[in-house]
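Given next are the chains, with one letter for each unit.
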Amino acid sequence: MRSSSEEGAAQDTGSEHVAEFIDVSKRFGDILAADRLNLGIRRGEFLSFLGPSGCGKTTALRMLAGFEPPSEGTVRIDATDMSAVPSHRRPVNMVFQHYALFPHMTVAQNVGYGLRQRRPRLPKSEIGAQVDKALATVRLSDFGTRRVWELSGGQQQRVALARAIINEPTILLLDEPMAALDAKLRAEMQRELLDLQRSLGITFVLVTHDQEEALSMSDRICIMGRGRIVQVGTPQDLYDRPCNRYVADFVGKANILSGEVVAREAGQARVVLGCGAEVLVPEGNPDGRRHVDVVIRPECLSLSATHQDEDAAIRARVTHRTFLGDHTEYLLQAEGTGLLQVNLPRQAERTSGGHGVGDDVHILWAAGTGLVLAADD
Amino acid sequence: MRFYAVAVYGFLYLPIAIIALFSFSAGRSASSMDGFSTGWYVRALSNPFVMEALWTSLKVAFFSAVLATVSGTMAALALTGMKGRLRAIFDVLVMIAVMIPGVVIGIAALIALATAFSAINPWLEVVLGRQLSMGLGTLIGLHGMFTMSLVVLLVRGRLETFDRAQIEASNDLGASPLGTFLQVTLPQIAPAILAGFLLAFTFSFDDFIMAFFVAGSETTLPIYIFSSIRRGVTPEINAIGTMVMVASLTLLIIAQILLRTGTLRAKG
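So the protein lines, in turn, are chains A and B. Heads up, the first sequence is in the working numbering, so the first residue is 7 and it goes up one at a time. Heads up, the second sequence is in the working numbering, so the first residue is 27 and it goes up one at a time.
Read the hints as simulated data drawn from the structure, not as lab findings. Keep in mind that the hints are not guaranteed to be accurate.
Unchecked claim - Anything over 12 Å on all C-beta distances counts as not near chain A; from chain B, calculated:
(1) ALA46
(2) PRO127
(3) GLU244
(4) SER254
Claimed, not checked - Listed next, the in silico EDC-like pairs over lysine to aspartate or glutamate satisfying Cα-Cα at most 20 Å (straight line):
(5) LYS109(B) <-> ASP36(A)
(6) LYS190(A) <-> GLU218(A)
(7) LYS259(A) <-> ASP332(A)
(8) LYS109(B) <-> GLU194(B)
(9) LYS109(B) <-> ASP332(A)
Backbone N, C-alpha and C define an ideal beta-carbon position, used for all residues, glycine too.
Required output: the full structure, derived from the provided sequences and hints.
Shown next, in the form of structure tokens:
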């Protein structure tokens, strides 16, 4: 595990961890749902577990909440081993995927549920005041007496949020909370969640399979695959320096090309691609292999009708062109590589005049862009 | 189609309607209508044998329904946490218990109890100086056992529409398992539990065939009706029958309403 996650592991030994996974594994029968997870969650950060379904991200979250005991290893919250602490005694609260609101209670009763469990009991007036405050925080002040099933999906979502944050948890867990909302509401909820996280200063841990959601909201993302942590880093880290093909493919759009290293110099590799073009690509984690995958983001490439010698170029034909306002997406069929995507900013297109479908062009690869990927596990 | 529907419903309900009608007869014949009177009702309600049988029936129905409700609810709760083959076996066993004819259960219970009593009684005689016999206990036990499967079916039906994530949510919000049961699970399955109780009560209250085998010297209302018919049917029987029917129907309708509101609420 690979450049930036090692960096992360080094920092993870610090004291600012609100929760830690230490060699945590979880088995369901023959299935290894979590495989030796090691992760420190920093106090006050917004961390996302990102991965396709079945990658172990929800299992990780449920082990934090206390719904699943780890088969091996230790989960710590506030430096305390949680092995013997049942979910109802943990200082965390969860927003469930389908909210799991109590249908036999009003909105206010739902929100006050956590406070009513406190022993010694809180006075009714105190609970009432805090419920009002929590409802105001999620902009549902006038909804206290409503039944939860009378509310829209977005409103139910906010009730679930209020019900969790009223307990002032050390960590707020969010299990794909936006999955059931339509796109417009989702964007609105994402903004609200971020504002809430900033104003409350609570650590948020989000589980999602939506990479855009993870990229736009998280301080750090923990990418998971087949029960393992593949890479941990800031969204920029993951986008610019994916550790392997899996991460490159999962985060953002990526052109991944295979090639052969013909020379290595000063952290860069001279790679001959399948189409014959020779490119100079930084190597994040040199491992001496000859056959490598190279990733390059669509916006790092450019197009030209003519070939300029200082840049490596791939001959290709435009097959699709999608105008998207600020930029244009080109899909190109190159010899020996398959489909490549190139995004041209509107400004660049204005000066060059753009290219039409069927045009033969050169894809220009500036020296020193892209990244040589380490082997997948 | 409409003619058949009328014929079928007539065939089903006409005899019952006629009994209800004839119970208001002023004459002495149970099978004709001679004037109008509520006298047979007065007479039935002031008949000490009827009242004693009614009291026995109510006791049996109440305690067997309590037994069935508690054990049936616990069984239903346990079954929802169960998967696979074991669950399938229990499901089948519950269904079979509902489908086996009452007469078979009655005979089986009689033989089993008689065998068990004859084996235990000599020992009990020595230890406690008392013996077990057929009576209120066996009636309550048998009815409770049988109606338990009705409660299991009703409560489990309700639990199936119940979002299990609510239990995790409640735990997550700091409620202990017992607190979660009392505050989240119980309030939502309560209509089904109450409906199960009413159904069990009605079933026990109306049952003749099983009770007949294990009643010993006790006389429930259906057993009283059966034995008095042998002495000749009077409109008093019609009056008793009508009262039993109205009471049972009322309970069943309440049970239906409970189940429906429970389901509506669950759907949200």
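Status of each hint after checking the structure:
1. Under the 12 Å C-beta cut-off, the non-interface status given to ALA46(B) relative to chain A holds; the minimum distance is some 40 Å.
2. At roughly 39 Å from the closest C-beta of chain A, the C-beta of PRO127(B) stays outside 12 Å, upholding its exclusion from the interface.
3. No Cβ of chain A comes within 12 Å of the Cβ of GLU244(B); the nearest lies about 41 Å off, and the non-interface call holds.
4. With a least beta-carbon separation of about 48 Å from chain A, SER254(B) lies farther than 12 Å from that chain, consistent with its non-interface assignment.
5. Of the supplied pair hints, the one linking LYS109(B) and ASP36(A) holds, its CA atoms being roughly 17 Å apart against a limit of 20 Å.
6. Proximity of LYS190(A) to GLU218(A) is assessed by CA-CA distance (about 14 Å); at most 20 Å being required, the pair is judged to hold.
7. For the suggested pair LYS259(A) and ASP332(A), the alpha carbons sit about 17 Å apart, so the restraint of at most 20 Å is met.
8. Pair hint LYS109(B) plus GLU194(B) holds up; C-alpha atoms about 19 Å apart against a cutoff of 20 Å.
9. Of the pairs offered as hints, the one joining LYS109(B) and ASP332(A) is violated, with about 54 Å between alpha carbons and a cut-off of 20 Å exceeded.
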